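For chain Y, the structure is supplied; the task is to place chain G on it using the hints.
Protein chains in written order, with my numbering: chain Y, 500 to 592; chain G, 500 to 592.
Keep in mind the hints are simulated off the structure, nothing from the lab.
Footprint (simulated), chain G over chain Y, 3 or more residues, beta carbon under 8 Å:
1) 522-533
2) 537-546
Derived lysine-lysine pairs resembling DSSO-like cross-links, with alpha carbons at most 27 Å apart:
3) Lys542/Y to Lys506/G
4) Lys506/G to Lys512/Y
5) Lys506/Y to Lys561/Y
6) Lys542/Y to Lys512/G
7) Lys506/Y to Lys561/G
8) Lys542/G to Lys561/G
9) Lys561/G to Lys542/Y
10) Lys512/Y to Lys542/Y
11) Lys561/Y to Lys542/G
12) Lys506/Y to Lys542/G
Here the structure is a predicted model, which is why all the values come from computation and not from measurement.
Note that CB positions come from ideal geometry on N, CA and C, so glycine has one too.
There are 2 protein chains.
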Amino acid sequence: MSVWNVKAIIMPKPGVNDPQGEAIRGGLESLEFSGVREVRAGKQISLTIEAQSRDDAASAVKRMCDQLLANPVIETYSVTVDSVEETDGGVNA
Amino acid sequence: MSVWNVKAIIMPKPGVNDPQGEAIRGGLESLEFSGVREVRAGKQISLTIEAQSRDDAASAVKRMCDQLLANPVIETYSVTVDSVEETDGGVNA
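So that you can see chain Y by itself, here it is in the shape it has in the complex (with noise of 0.2 Å):
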């Protein structure tokens, strides 16, 4: 069993109203950056997680996207997993 660091980012979908990214733009521009056309406000949530494979962490990291991290009506997710940062046993000889 190795250890993973995976990433969960997690987006309103295009097309789907914004109001943390709309509040953001308007503090900024009360701040006077110009400029700015589009703001949207999402998630990362990142995970150190046990899995067999660089796979399994990834498909587990979807399934938890899909039940509990991410609305998928309205947002969509995408994972990466970052690295090994250790492996337990003595599976490799």
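Quick look at chain G alone, frame taken from chain Y:
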């Protein structure tokens, strides 16, 4: 003036308490996901901005992070400039 897609990823600093990440970890346990060691919850802000160059776009978004998007006491941020969407005007002959 070109148009750039810039992503700012804002995460709680290591060691800083992250109640949202802890809540997600608890939720995943309730859903019987096993092997989740740590969860950290942060934000991804995706911006479409006008700037003269890639470096100008990155430095503008870093200033936005310092002034509005991130709380530098408890959060770190990273900025990546993704692509040029279009180029206006006749800068390139």
